[in-house]
Amino acid sequence: MSYTVEGSTGAWEVVVGLEVHAQVVSESKLFSGAATAFGAEPNTQVSLVDAGFPGMLPVPNRECVAQAVRTGLGLGAEIHLWSRFDRKNYFYADLPQGYQISQYAHPVVGEGAVEIELADGARKRVGITRLHLEQDAGKSLHDQHPSKSYIDLNRSGVALMEIVSEPDMRSPEEAGAYLTKLRQIMRYLGTCDGNMDEGSLRADVNVSVRKPGEGFRTRCEVKNVNSIRFVMQAVEAEARRQVEVWEEGGTVRQETRLFDTARGVTRSMRSKEEAHDYRYFPDPDLPPLVLEQGWVEELKAALPELPDARRARYARDFGLSPYDAHVLVLEKETAAYFEEVAHGRDPKLAANWVMGDLFAALNRTRRGIENPPVSARDLGALLDLMGDGTLSGKLAKEVFEAMVETGQAPGAIVEERGLRQVTDTGAIEEAARAVLDGNAGKVAEYRGGKDKLFGFFVGQVMKAMAGKGNPALVNDVLKKLLG
Amino acid sequence: MTRPTDFTLRGALDALAAREISAEELARAHLDAIEALNPRLNAYVAVTGERALERARASDARRARGEAGPLEGVPLGIKDLFCTEGVRTTAGSRILGDFVPPYESTVTANLLRDGAVFLGKTNLDEFAMGSSNTTSAAGPVENPWNRRNDPDTRLVPGGSSGGSAAAVAARLALGATATDTGGSIRQPAAFCGIAGMKPTYGRCSRWGVVAFASSLDQAGPMARTVEDCATLLRSMSGFDPKDSTSADMPVPDFAAACGRSVKGLRIGVPCEYRLDGMPAEIEALWQQGLEWLREAGAETVEISLPHAKYALPTYYIVAPAEASSNLARYDGVRYGLRVEERDGDLQDLYERTRAAGFGAEVKRRIMIGTYVLSAGYYDAYYLKAQKVRALIKRDFDEVFAASGAKVDAIVTPATPSAAFGMDEKQDDPVAMYLNDVFTVTANLAGLPGLSVPAGLDTQGLPLGLQVIGRAFDEETVFAVGAALERAAAFEALPAVMAGKTARAAG
Amino acid sequence: MSLDADTVRRVASLARIRMEPAELARMEAELNGILGWVEQLQAVPTEGVEPMAGGGAVSLRLREDAVADGGKAEAVLANAPDREGAYFGVPKVVE
Numbered sequence: 000m001s002y003t004v005e006g007s008t009g010a011w012e013v014v015v016g017l018e019v020h021a022q023v024v025s026e027s028k029l030f031s032g033a034a035t036a037f038g039a040e041p042n043t044q045v046s047l048v049d050a051g052f053p054g055m056l057p058v059p060n061r062e063c064v065a066q067a068v069r070t071g072l073g074l075g076a077e078i079h080l081w082s083r084f085d086r087k088n089y090f091y092a093d094l095p096q097g098y099q100i101s102q103y104a105h106p107v108v109g110e111g112a113v114e115i116e117l118a119d120g121a122r123k124r125v126g127i128t129r130l131h132l133e134q135d136a137g138k139s140l141h142d143q144h145p146s147k148s149y150i151d152l153n154r155s156g157v158a159l160m161e162i163v164s165e166p167d168m169r170s171p172e173e174a175g176a177y178l179t180k181l182r183q184i185m186r187y188l189g190t191c192d193g194n195m196d197e198g199s200l201r202a203d204v205n206v207s208v209r210k211p212g213e214g215f216r217t218r219c220e221v222k223n224v225n226s227i228r229f230v231m232q233a234v235e236a237e238a239r240r241q242v243e244v245w246e247e248g249g250t251v252r253q254e255t256r257l258f259d260t261a262r263g264v265t266r267s268m269r270s271k272e273e274a275h276d277y278r279y280f281p282d283p284d285l286p287p288l289v290l291e292q293g294w295v296e297e298l299k300a301a302l303p304e305l306p307d308a309r310r311a312r313y314a315r316d317f318g319l320s321p322y323d324a325h326v327l328v329l330e331k332e333t334a335a336y337f338e339e340v341a342h343g344r345d346p347k348l349a350a351n352w353v354m355g356d357l358f359a360a361l362n363r364t365r366r367g368i369e370n371p372p373v374s375a376r377d378l379g380a381l382l383d384l385m386g387d388g389t390l391s392g393k394l395a396k397e398v399f400e401a402m403v404e405t406g407q408a409p410g411a412i413v414e415e416r417g418l419r420q421v422t423d424t425g426a427i428e429e430a431a432r433a434v435l436d437g438n439a440g441k442v443a444e445y446r447g448g449k450d451k452l453f454g455f456f457v458g459q460v461m462k463a464m465a466g467k468g469n470p471a472l473v474n475d476v477l478k479k480l481l482g
Numbered sequence: 000m001t002r003p004t005d006f007t008l009r010g011a012l013d014a015l016a017a018r019e020i021s022a023e024e025l026a027r028a029h030l031d032a033i034e035a036l037n038p039r040l041n042a043y044v045a046v047t048g049e050r051a052l053e054r055a056r057a058s059d060a061r062r063a064r065g066e067a068g069p070l071e072g073v074p075l076g077i078k079d080l081f082c083t084e085g086v087r088t089t090a091g092s093r094i095l096g097d098f099v100p101p102y103e104s105t106v107t108a109n110l111l112r113d114g115a116v117f118l119g120k121t122n123l124d125e126f127a128m129g130s131s132n133t134t135s136a137a138g139p140v141e142n143p144w145n146r147r148n149d150p151d152t153r154l155v156p157g158g159s160s161g162g163s164a165a166a167v168a169a170r171l172a173l174g175a176t177a178t179d180t181g182g183s184i185r186q187p188a189a190f191c192g193i194a195g196m197k198p199t200y201g202r203c204s205r206w207g208v209v210a211f212a213s214s215l216d217q218a219g220p221m222a223r224t225v226e227d228c229a230t231l232l233r234s235m236s237g238f239d240p241k242d243s244t245s246a247d248m249p250v251p252d253f254a255a256a257c258g259r260s261v262k263g264l265r266i267g268v269p270c271e272y273r274l275d276g277m278p279a280e281i282e283a284l285w286q287q288g289l290e291w292l293r294e295a296g297a298e299t300v301e302i303s304l305p306h307a308k309y310a311l312p313t314y315y316i317v318a319p320a321e322a323s324s325n326l327a328r329y330d331g332v333r334y335g336l337r338v339e340e341r342d343g344d345l346q347d348l349y350e351r352t353r354a355a356g357f358g359a360e361v362k363r364r365i366m367i368g369t370y371v372l373s374a375g376y377y378d379a380y381y382l383k384a385q386k387v388r389a390l391i392k393r394d395f396d397e398v399f400a401a402s403g404a405k406v407d408a409i410v411t412p413a414t415p416s417a418a419f420g421m422d423e424k425q426d427d428p429v430a431m432y433l434n435d436v437f438t439v440t441a442n443l444a445g446l447p448g449l450s451v452p453a454g455l456d457t458q459g460l461p462l463g464l465q466v467i468g469r470a471f472d473e474e475t476v477f478a479v480g481a482a483l484e485r486a487a488a489f490e491a492l493p494a495v496m497a498g499k500t501a502r503a504a505g
Numbered sequence: 000m001s002l003d004a005d006t007v008r009r010v011a012s013l014a015r016i017r018m019e020p021a022e023l024a025r026m027e028a029e030l031n032g033i034l035g036w037v038e039q040l041q042a043v044p045t046e047g048v049e050p051m052a053g054g055g056a057v058s059l060r061l062r063e064d065a066v067a068d069g070g071k072a073e074a075v076l077a078n079a080p081d082r083e084g085a086y087f088g089v090p091k092v093v094e
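Protein chains in written order, with numbering that gives the first Met the number 0: chain V, 0 to 482; chain P, 0 to 505; chain R, 0 to 94.
It is possible that some hints are incorrect.
Stated by the list, open to error - In silico lysine-lysine, DSS-like type, Cα no more than 25 angstroms apart, as pairs: (1) V:K441 with V:K479; (2) V:K462 with V:K478; (3) V:K441 with V:K462; (4) R:K71 with P:K241; (5) V:K138 with V:K123; (6) P:K241 with V:K87; (7) R:K71 with V:K138; (8) V:K479 with V:K467; (9) V:K180 with V:K147; (10) V:K441 with V:K451; (11) P:K392 with P:K308; (12) V:K147 with R:K71; (13) V:K393 with V:K479; (14) R:K91 with V:K87; (15) P:K424 with P:K308; (16) P:K262 with P:K405; (17) R:K91 with V:K222; (18) V:K147 with V:K222; (19) V:K147 with R:K91; (20) V:K138 with V:K222; (21) V:K462 with V:K451; (22) V:K138 with R:K91.
Simulated from the structure, these hints should not be mistaken for lab results.
Model the full assembly from the supplied sequences, consistent with the hints where possible.
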């Protein structure tokens with residue numbers, strides 16, 4: 000059933016479009032040679048271009064353009080070989096030039112689309128309107144002084160990609176799934192690190208509501224939402240607010256709003272109240288950006304495998320279930336980890352270990368897949384020890400826990416702790432005889448037809464052998480002795 | 000021996016090379032002349048005497064070591080629109096406050112590289128906006144020339160590079176840097192009886208030059224001869240990767256081109272430049288100039304530039320639009336003036352700072368520019384102007400076409416009048432704008448334009464002729480300009496100049 | 000097209016230039032004079048003409064992605080009218 004907001008007048012449909020600002024992965028800024036690294040001392044990653052000094056001029060960074068093109072290709076979008084930088088004029092304390100250099104009229108990337116997956120397994124296409132390059136602004140700190148704001152220009156001039164979607168989403172879930180997918184694609188491409196804590200990915204969320212079957216009503220823009228969860232909450236809160244406004248006989252006014260994460264509501268932005276008039280015009284410091292088709296082709300040829308293709312391959316070549324394939328490709332680091340474990344081994348077994356024991360270990364140790372407690376190589380080695388009979392499944396779990404704890408390789412743990420499973424049938428037989436001799440009554444019951452007791456004997460033998468007996472051999476020996 | 004301030008730049012280089020004079024003596028002579036005359040002319044807003052003498056001595060030392068650069072020891076004035084490292088740069092505006100750039104513009108760095116000695120920063124119209132050098136925060140510049148029968152009326156030097164023009168004309172520098180957005184090199188050069196060259200857009204880097212209108216601004220030289228302009232331009236020019244509009248082109252030996260014959264060249268005479276009400280003496284000088292060129296073996300050809308008459312209104316949309324954006328950075332936050340009220344907010348700080356920091360003409364242009372870019376007016380004004388600009392350029396492309404070219408260069412008057420009084424034309428912005436009617440087309444089309452002093456009007460004031468050439472063909476422009484210069488044999492001298500102490504006091 | 004007083008006030012606000020009523024009135028007259036004069040452009044047929052934006056006809060050169068600037072906070076901050084330690088200071092901005 001599709002998502003609706005229930006009002007007093009009935010159900011309302013929600014219409015959502017996102018403008019995502021993604022920080023481009025590059026060493027230096029879009030128009031200057033200053034560094035882009037996060038967390039530097041204030042104003043230390045600032046060139047005089049970024050600070051808007053008199054007579055300073057922008058010179059564009061090839062890698063930033065390449066990253067935008069790669070992203071466009073990853074979104075299956077049209078690459079515009081002719082694009083242009085415009086100036087968006089407005090005054091703000093952290094905008095040193097008094098304008099932002101952006102691509103307003105002629106973006107480098109045109110229409111594309113992404114496919115999102117929803118919890119019920121449904122798939123949906125969300126249209127991309129455009130992607131363009133622009134400069135980030137500096138940062139204002141409002142909490143350092145009672146009557147002043149402090150300005151740090153380290154971010155000023157860092158390259159951003161603004162990715163504008165069509166108003167194709169109809170629920171908080173779809174908005175979340177879209178942003179998740181976009182982030183995933185860019186992380187695969189290496190064009191945006193997707194780090195929302197550091198502000199590498201922010202979204203302006205456009206929300207409107209309507210009665211089913213209607214055309215679009217007025218939308219509001221919720222600015223600068225910085226997590227996927229908040230995007231979903233903002234859609235919900237803003238849709239609810241608009242339904243209330245309409246149902247109380249009011250009119251939703253087109254405006255810019257902020258999402259108050261503490262209270263879970265949106266509120267009007269006072270500072271943006273004044274009517275905007277950005278006076279866009281072509282930046283006379285920058286001739287048009289003209290790309291060669293050959294260069295675009297080169298970038299295209301060098302693109303990594305993207306999540307959709309990878310998921311399909313896992314299902315097709317590895318026989319993984321759609322769900323497992325989906326989970327494994329969510330983060331490219333997970334997929335890379337999985338592929339290393341699966342390489343030359345049973346992919347289903349590898350998937351089970353990654354999604355089971357490894358994920359549990361990550362959770363427990365609060366570590367990410369990029370810094371796992373057990374390396375993919377070691378996990379692979381562990382699977383090999385199972386394959387060659389050195390370890391039983393049960394022993395392998397034990398060894399894995401020891402690996403998590405110590406960071407040691409499985410072979411070393413097996414040697415050190417003597418965890419190698421016993422495959423010597425003589426030793427197993429000896430242990431089995433001792434168990435049967437000590438349980439003569441149960442043996443009689445078994446032989447009288449109480450088959451269920453077989454499991455009891457297996458357990459006793461394994462216990463006697465400290466779990467190291469090869470389970471298949473223990474079975475065989477018991478069957479022979481009891482038979 | 001020639002008085003050091005009377006040397007041409009070429010002559011000074013020869014004398015320096017022959018050890019007839021040292022760079023230090025040359026600099027000192029100019030500094031003395033500045034001290035004597037600048038209080039009246041106000042051509043310099045800052046004189047960096049100590050620094051100049053120090054650099055002159057270093058220059059003498061380089062020459063002694065046999066390491067003389069192409070401009071070794073040549074004392075120059077630098078328009079105060081060029082950022083100079085460690086030397087306050089004002090752009091003729093209050094809004095820059097005590098701004099001291101931590102960088103040297105590419106053009107001035109090139110000149111220093113070649114051995115030049117900077118005497119100081121020359122006055123200009125605020126942010127290079129003006130044609131009279133009366134809008135400077137540092138006060139107006141006086142033209143060293145006077146009307147023969149009205150010697151007490153103080154005249155404007157033209158603008159915006161009025162300080163550079165007056166300094167060169169009054170022998171307070173051998174040459175000077177200037178910039179030209181709509182005529183700011185050529186018009187003051189014509190008003191002050193010197194030569195001034197606006198090169199092709201992209202020839203000189205704009206990096207470190209305070210921007211007025213980025214798509215039109217070009218740096219260029221002023222000097223007392225065409226050849227001296229050519230020598231300076233060679234040093235100022237060159238590809239600069241820091242300016243995305245800088246042309247990656249080889250820099251020819253412009254001075255050598257001054258000796259080229261004009262024989263066989265076809266010189267265009269645009270009929271649209273014959274304005275209603277243009278003084279007869281301007282028309283006469285123009286015809287004289289064409290006659291000189293024909294005598295030198297060139298052919299003159301009537302051409303039409305049908306959209307030239309729209310150049311000025313086009314310019315007064317394009318230039319203010321760009322300026323309104325370029326000047327947004329002067330906001331009282333990172334450098335320059337700040338004016339704030341107690342408990343005022345940021346908007347108030349911006350508005351007070353910019354109200355106090357900008358003069359009337361700059362405010363006017365920012366207002367016009369803001370308006371023509373604003374929602375609802377962009378298409379009618381800015382986009383329309385861009386299209387007309389394209390047509391103006393197309394007119395030039397057609398007469399200069401690579402194949403079947405009608406002409407090799409165009410010759411026109413440089414200005415529609417000689418220098419006017421400081422009190423004239425101040426009340427009507429449009430009347431002031433008309434000063435640039437002949438020069439502004441070259442900026443819109445990005446072409447080189449040279450102003451050459453060619454004669455005097457009936458009042459004894461200098462008049463100039465303008466040579467416009469193909470993009471990146473400054474050599475032909477210099478050749479034609481030098482031919483005009485030779486034929487005109489312009490030897491008149493301004494009333495106020497170094498060594499002419501009798502008038503200097505007046 | 001001609002500007003009225005409200006438009007002049009709005010433009011002055013967009014341009015962040017404080018103007019007293021007398022200055023606004025003078026500006027209104029001057030701007031109308033200039034705009035009246037540039038009005039002549041409307042007579043030029045420009046259908047199908049590509050607008051000319053920049054000065055040069057060349058396309059953008061792209062620089063290599065390398066850190067070659069920054070690390071000069073002193074130079075960046077030295078001219079600031081209100082320097083607050085490692086930051087620029089402005090009156091508190093309320094969002």
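Hint by hint, here is what the structure shows:
1. For the given pair, K441 (chain V) sits about 16 angstroms from K479 (chain V) by alpha-carbon distance, which is consistent with the 25 angstroms threshold.
2. Proposed proximity of K462 (chain V) and K478 (chain V) is supported: the alpha carbons are some 18 angstroms apart, at most 25 angstroms.
3. This hinted pair checks out: K441 (chain V) and K462 (chain V) have alpha carbons roughly 17 angstroms apart, not beyond 25 angstroms.
4. Only pairs whose Cα atoms come within 25 angstroms are accepted, and K71 (chain R) paired with K241 (chain P) is accepted, the gap being roughly 18 angstroms.
5. Between K138 (chain V) and K123 (chain V), the direct Cα distance comes to roughly 37 angstroms. Violation of the 25 angstroms bound is thereby established for this hinted pair.
6. The suggested pairing of K241 (chain P) with K87 (chain V) holds, with an alpha-carbon distance near 22 angstroms, which does not exceed 25 angstroms.
7. A C-alpha spacing of about 18 angstroms is found between K71 (chain R) and K138 (chain V), which places the hinted pair at or below 25 angstroms, so the restraint holds.
8. Between K479 (chain V) and K467 (chain V) the CA atoms are separated by roughly 20 angstroms; this keeps the pair inside 25 angstroms, and the hint holds.
9. Distance hint between K180 (chain V) and K147 (chain V) is unfulfilled; the C-alpha atoms sit about 40 angstroms from each other, more than 25 angstroms.
10. With a C-alpha separation of about 11 angstroms, the suggested pair K441 (chain V) and K451 (chain V) falls inside the 25 angstroms cut-off, and the hint holds.
11. Restraint check: the Cα-Cα separation between K392 (chain P) and K308 (chain P) comes to about 13 angstroms, which is no more than 25 angstroms; the hinted pair holds.
12. For the proposed pair K147 (chain V) and K71 (chain R), the alpha carbon gap of about 24 angstroms is at most 25 angstroms, so the pair holds.
13. For the suggested pair K393 (chain V) and K479 (chain V), the alpha carbons sit about 24 angstroms apart, so the restraint of at most 25 angstroms is met.
14. Proximity of K91 (chain R) to K87 (chain V) is assessed by CA-CA distance (about 24 angstroms); at most 25 angstroms being required, the pair is judged to hold.
15. At roughly 21 angstroms between alpha-carbon atoms, K424 (chain P) and K308 (chain P) fall within 25 angstroms of each other, so this suggested pair holds.
16. Of the supplied pair hints, the one linking K262 (chain P) and K405 (chain P) holds, its CA atoms being roughly 16 angstroms apart against a limit of 25 angstroms.
17. Simply put, K91 (chain R) and K222 (chain V) have alpha-carbon atoms about 20 angstroms apart, close enough for the 25 angstroms limit, and the pair holds.
18. Distance check on the hinted pair: K147 (chain V) and K222 (chain V) sit about 23 angstroms apart at the alpha-carbon level, within 25 angstroms; holds.
19. Among the hinted pairs, K147 (chain V) with K91 (chain R) is consistent with the structure: their alpha-carbon atoms are about 4 angstroms apart, no more than 25 angstroms.
20. Proximity of K138 (chain V) to K222 (chain V) is assessed by CA-CA distance (about 16 angstroms); at most 25 angstroms being required, the pair is judged to hold.
21. The hinted pair formed by K462 (chain V) and K451 (chain V) meets the criterion: a straight-line CA distance of about 18 angstroms does not exceed 25 angstroms.
22. Distance hint between K138 (chain V) and K91 (chain R) is fulfilled; the C-alpha atoms sit about 13 angstroms from each other, no more than 25 angstroms.
Hints 5 and 9 from the list above are not met by this structure, while the remaining hints are.
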